[in-house]
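Peer 1: Residue strings, one per chain:
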Amino acid sequence: MGNKYLPALVCGFAVSIFTTIPGIKSLVCCLFLPASVFLTITLYKKANKIDQNIPIGTGLMLGFLTGIFAAAFSSGFDILLTLILRSNDFVTAMPETEKAIRELNLGPMIDESLKLMKQMVSQIQQTGFSFFYCVLITISNLISYIIFGLLGGAISTAIFNKRNLNS
Amino acid sequence: MLVCSRCAGIYFGALITALVLLFTHNINIHLKFFFLSLIVMIIDVLLVNFNFYDYNKTVSFITGSFFGVSSFLLIAEETENFILHLLPKSKNGE
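Just so you know, the protein sequences line up as chains A and B, in that order. Residue numbers for the first sequence follow the working numbering, beginning at 2 and rising by one. Residue numbers for the second sequence follow the working numbering, beginning at 25 and rising by one.
Possibly wrong hints are sitting among the right ones.
With a straight-line Cα cutoff of 27 Å, these simulated BS3-like cross-link-like pairs (lysine-lysine) come out [to be verified]:
id, chain 1, residue 1, chain 2, residue 2
1, A, K5, A, K50
2, A, K119, A, K26
3, B, K56, A, K47
4, A, K163, A, K5
5, A, K163, B, K56
6, A, K46, A, K163
7, B, K56, B, K81
8, B, K81, A, K46
9, A, K116, A, K100
10, A, K50, A, K26
11, A, K47, A, K5
12, A, K119, A, K163
13, B, K81, A, K26
14, A, K100, B, K56
15, A, K26, A, K100
Heads up, incomplete: computed chain A residues facing chain B, CB under 7 Å, no partners named [unchecked claim]:
id, residue
16, A155
17, I156
18, A159
Okay, the calculated beta carbon distance ranges per label pair [to be verified]:
id, chain 1, residue 1, chain 2, residue 2, range
19, B, T103, A, N167, 15 to 21 Å
20, B, V64, A, L44, 41 to 47 Å
21, B, L55, A, Q127, 49 to 55 Å
22, A, L86, B, C28, 24 to 30 Å
23, A, P96, B, N80, 39 to 45 Å
24, A, L86, B, K81, 33 to 39 Å
25, B, E104, A, S88, 47 to 53 Å
26, A, L81, B, F36, 35 to 41 Å
27, B, A42, A, Q53, 36 to 42 Å
Calculated directly from the structure, the hints in this document are not laboratory data. Values in this document were obtained by computation on a predicted structure and should not be read as measured data. Cβ atoms here follow ideal geometry from the backbone N, Cα and C, with glycine treated the same way.
Assemble the whole structure, with the sequences as input and the hints as a guide.
Peer 2: Printed below as a string of structure tokens:
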């Protein structure tokens, strides 16, 4: 049982950098994150000199850790850039989001949600910081990155073990 | 919750594979099949993202389901191997 944290930390940080690049940030979740988990497992195997098969539980754990680190760094970068620029994707997409939400006709609770969202936009535009936005983006990143990290962990473990079997 | 047609394809492929696996015990997928499905899907994503052609629901669904089938088979095979590996240990433990 070697150190799982360092490879996950390195790869989680590396993948979070891609979230700051416009255009490819939409590919991070479903493409770069599973790829980074593959890299995490490679680093883990090399660091601990493991030649034999690794258990699927270890792969899932590495994927989980990479997802957590990626979410933490990605949220940090997002909050930092929002603080500097006083704008982000959430602010720029707000008019379209409002239009789309209103088209769904979900009832009176939507007005409260939109009020909260507009408050967040206003806070970001004025001060560059909204506590609720920080919480929201962190939770959202954690959920999605952990799911895709686990998925990447399962697939990567299967690939590594199948390669071992073939060789 | 609404998902894009590519994701719907992945889930559909995984669901169909799961249903098929209920009636068969022989899980064996070649890595080439997995990588082929992955590459096809990535090429579709990149070409749409860089505006080489417009987003097509049918193409996305097909490439997604292709990937869903292969990734589910890979995970199922690995899980089965892991469980089979655990079985003798539990017998010894008894």
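Peer 1: State for each hint whether it applies.
Peer 2: Results of checking the hints against the structure:
1. A/K5 <-> A/K50: holds (13 Å)
2. A/K119 <-> A/K26: With Cα atoms ~24 Å apart, A/K119 and A/K26 stay inside 27 Å; holds.
3. B/K56 <-> A/K47: Distance ~24 Å between B/K56 and A/K47 Cα, so the pair holds.
4. A/K163 <-> A/K5: Within the cut-off at roughly 22 Å; holds.
5. A/K163 <-> B/K56: It holds: about 11 Å lies between the C-alpha atoms, which stays within 27 Å.
6. A/K46 <-> A/K163: holds (15 Å)
7. B/K56 <-> B/K81: Roughly 26 Å between the alpha carbons, so the hint for B/K56 and B/K81 holds.
8. B/K81 <-> A/K46: Distance ~39 Å between B/K81 and A/K46 Cα, so the pair is violated.
9. A/K116 <-> A/K100: Holds. A/K116 to A/K100 sits at ~14 Å (cutoff 27 Å).
10. A/K50 <-> A/K26: violated (33 Å)
11. A/K47 <-> A/K5: It holds: about 12 Å lies between the C-alpha atoms, which stays within 27 Å.
12. A/K119 <-> A/K163: violated (51 Å)
13. B/K81 <-> A/K26: holds (22 Å)
14. A/K100 <-> B/K56: Not OK: A/K100 and B/K56 at ~45 Å, beyond 27 Å, violated.
15. A/K26 <-> A/K100: holds (24 Å)
16. A155: Holds - the Cβ of A/A155 comes within 7 Å of chain B, reaching about 5 Å at its closest.
17. I156: Hint holds; A/I156 Cβ to chain B Cβ min 6 Å, cut 7 Å.
18. A159: Check passed: Cβ of A/A159 comes within 4 Å of chain B, closer than 7 Å.
19. B/T103 <-> A/N167: 15 to 21 Å: holds (19 Å)
20. B/V64 <-> A/L44: 41 to 47 Å: Violated, at about 28 Å.
21. B/L55 <-> A/Q127: 49 to 55 Å: holds (53 Å)
22. A/L86 <-> B/C28: 24 to 30 Å: Taking Cβ atoms as reference, A/L86 and B/C28 lie about 28 Å apart, which means the hint holds.
23. A/P96 <-> B/N80: 39 to 45 Å: violated (28 Å)
24. A/L86 <-> B/K81: 33 to 39 Å: holds (34 Å)
25. B/E104 <-> A/S88: 47 to 53 Å: At 50 Å between Cβs, range holds.
26. A/L81 <-> B/F36: 35 to 41 Å: holds (39 Å)
27. B/A42 <-> A/Q53: 36 to 42 Å: violated (29 Å)
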